[in-house]
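*Asks:* Given chain A, put chain B in place with the hints provided.
Residue numbers (the working numbering), protein chains in the order written: chain A, 68 to 323; chain B, 68 to 323.
Please note: incorrect hints may appear among the correct ones.
[To be verified] Per the computed footprint, the stretches of chain B lying under chain A, defined by three or more beta-carbons under 8 Å from a beta-carbon of chain A, are: (1) 115-121; (2) 245-251; (3) 286-298.
These are computed hints drawn from the structure, not numbers from a lab. Glycine included, C-beta positions come from ideal geometry on N, C-alpha and C.
There are 2 protein chains.
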Amino acid sequence: MKITLIGSGNVANYLATTLHSHGHSINEVFSRNSKTGRALAKKAKSKFIASSSNLQLNSDAYIIAVNDDEIESVAKTISLKNKLVIHTSGATALNSIKKCSSQYGVVYPLISITKNNKLLPANYTVCIEANNTTALKKCKQLAKCLSNKIIEVNSMKREALHLSAVMVNNFGNHLFAQADKLLTQNKLELDLLYPIINQTADRIQKESPANLQTGPAIRNDKTVMKKHLQIISKNKLLSSLYKSFSKSIFEFNKKK
Amino acid sequence: MKITLIGSGNVANYLATTLHSHGHSINEVFSRNSKTGRALAKKAKSKFIASSSNLQLNSDAYIIAVNDDEIESVAKTISLKNKLVIHTSGATALNSIKKCSSQYGVVYPLISITKNNKLLPANYTVCIEANNTTALKKCKQLAKCLSNKIIEVNSMKREALHLSAVMVNNFGNHLFAQADKLLTQNKLELDLLYPIINQTADRIQKESPANLQTGPAIRNDKTVMKKHLQIISKNKLLSSLYKSFSKSIFEFNKKK
Chain A
68 MKITLIGSGN
78 VANYLATTLH
88 SHGHSINEVF
98 SRNSKTGRAL
108 AKKAKSKFIA
118 SSSNLQLNSD
128 AYIIAVNDDE
138 IESVAKTISL
148 KNKLVIHTSG
158 ATALNSIKKC
168 SSQYGVVYPL
178 ISITKNNKLL
188 PANYTVCIEA
198 NNTTALKKCK
208 QLAKCLSNKI
218 IEVNSMKREA
228 LHLSAVMVNN
238 FGNHLFAQAD
248 KLLTQNKLEL
258 DLLYPIINQT
268 ADRIQKESPA
278 NLQTGPAIRN
288 DKTVMKKHLQ
298 IISKNKLLSS
308 LYKSFSKSIF
318 EFNKKK
Chain B
68 MKITLIGSGN
78 VANYLATTLH
88 SHGHSINEVF
98 SRNSKTGRAL
108 AKKAKSKFIA
118 SSSNLQLNSD
128 AYIIAVNDDE
138 IESVAKTISL
148 KNKLVIHTSG
158 ATALNSIKKC
168 SSQYGVVYPL
178 ISITKNNKLL
188 PANYTVCIEA
198 NNTTALKKCK
208 QLAKCLSNKI
218 IEVNSMKREA
228 LHLSAVMVNN
238 FGNHLFAQAD
248 KLLTQNKLEL
258 DLLYPIINQT
268 ADRIQKESPA
278 NLQTGPAIRN
288 DKTVMKKHLQ
298 IISKNKLLSS
308 LYKSFSKSIF
318 EFNKKK
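Pulled out of the complex, with its shape left as it was, chain A reads as follows (with noise of 0.2 Å):
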């Protein structure tokens, strides 16, 4: 396909880099960020558009792959026909891009996309919805190309495997960066704690992490948590989500 790539950061240039290399075209970048825009436009062998008025009509698909929170904003500054015109966005609902075509669809790779990531895990799950079959059609062959797991979800399913994802991927991701400024602090260092944090992710897919908890907070031991706050007494937003995790883990376990 003649693909446009609306936006130019982490996900833009990932979808560009994948859909290239299977054979499709990009046909043009269209960004507000002229200089990562006209970037990503060049890599890509591409047309770099500044502005919404001058995209082309000669393209099969239009991605638009910018922050969720300005899918909308971008979406009424464009019209597109009969042309597809698909989002990326596990939080945005199908519907928010309506106005720009008569064929519109989600393509959501449930995967953590960073500038430097080069390679992600095969067979992560690819989230695609359309409005109708010949555009679901059109997605699910744009989705192939990012991995073979792919699952057809309206917006409200798509939205709890967003927020499912930003808890493991995003809490998870904080809570590891929160260890390695504690050890860092004690003059220890983060590889200590990687048979644990493999162990943790390993064993869930095994067994369910209901059954998996262990800790103070379930055991609602307060002589450690106590401890553990006095540790992290000076940083007042580690101690409060500190805090909500503990009441959390012991209130969730109490009701099984």
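*Replies:* Here is chain B on its own, set in the frame of chain A:
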């Protein structure tokens, strides 16, 4: 060595099996819980003792493997003269058991040990500490049965390691449990998230987690965060956790 185990929970069970398989013998099992105590004694081909006053002085090491908040109270009830006494807690200071004996130490396995946990990762970190070199040597000898990665750290560093482990394991596992529940409510399976869970754990072993943060909180994307909070609005504890995380992620990364 001839070993007396004090406690009959997950850690005591793990130590009994592992130390026995490395040629040490379990001499006695003392536990306040006679059911699990008798079961462990039977499994370890050992003698069950219901009262601390019946403890024999013919073991080479006495390992206190009880809940953190019970270590001091157990330690107060026993007197072991110059016999080596060891606790296995990450969160308890070395000197909390100093009244039991003239020789005391810590062997803390920095890993999550659950009841049905048969396979633990190789080379997880074992923290050791003791009040003199003789005791430290024996702690090392026992620690070697658990893992090849042994580090000598003082109580303060061990407590920081324990808190870090609680964050990445206990808190991380709770995030998995919450994600699992949310997905089940939406008729989706946790296995859709396995690739992103593995990705989150893998990539911080190549790059600092502080450089890998993505998601709505770091971008301060209020639209997405509001939507997420709507999805979990009936779950007050999870909502509170979500808010604490979003604030902590934003502030943490702003300071960078």
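*Asks:* Against this structure, judge whether each hint is valid.
*Replies:* These are the hints, each one checked on the structure:
1. 115-121: Our answer is that it is violated, as 0 residues pass the Cβ test (under 8 Å) against chain A, missing three.
2. 245-251: With 6 residues close enough to chain A, the hint holds.
3. 286-298: holds (count 8)
When each numbered hint is compared with the structure, a violation occurs for hint 1 only.
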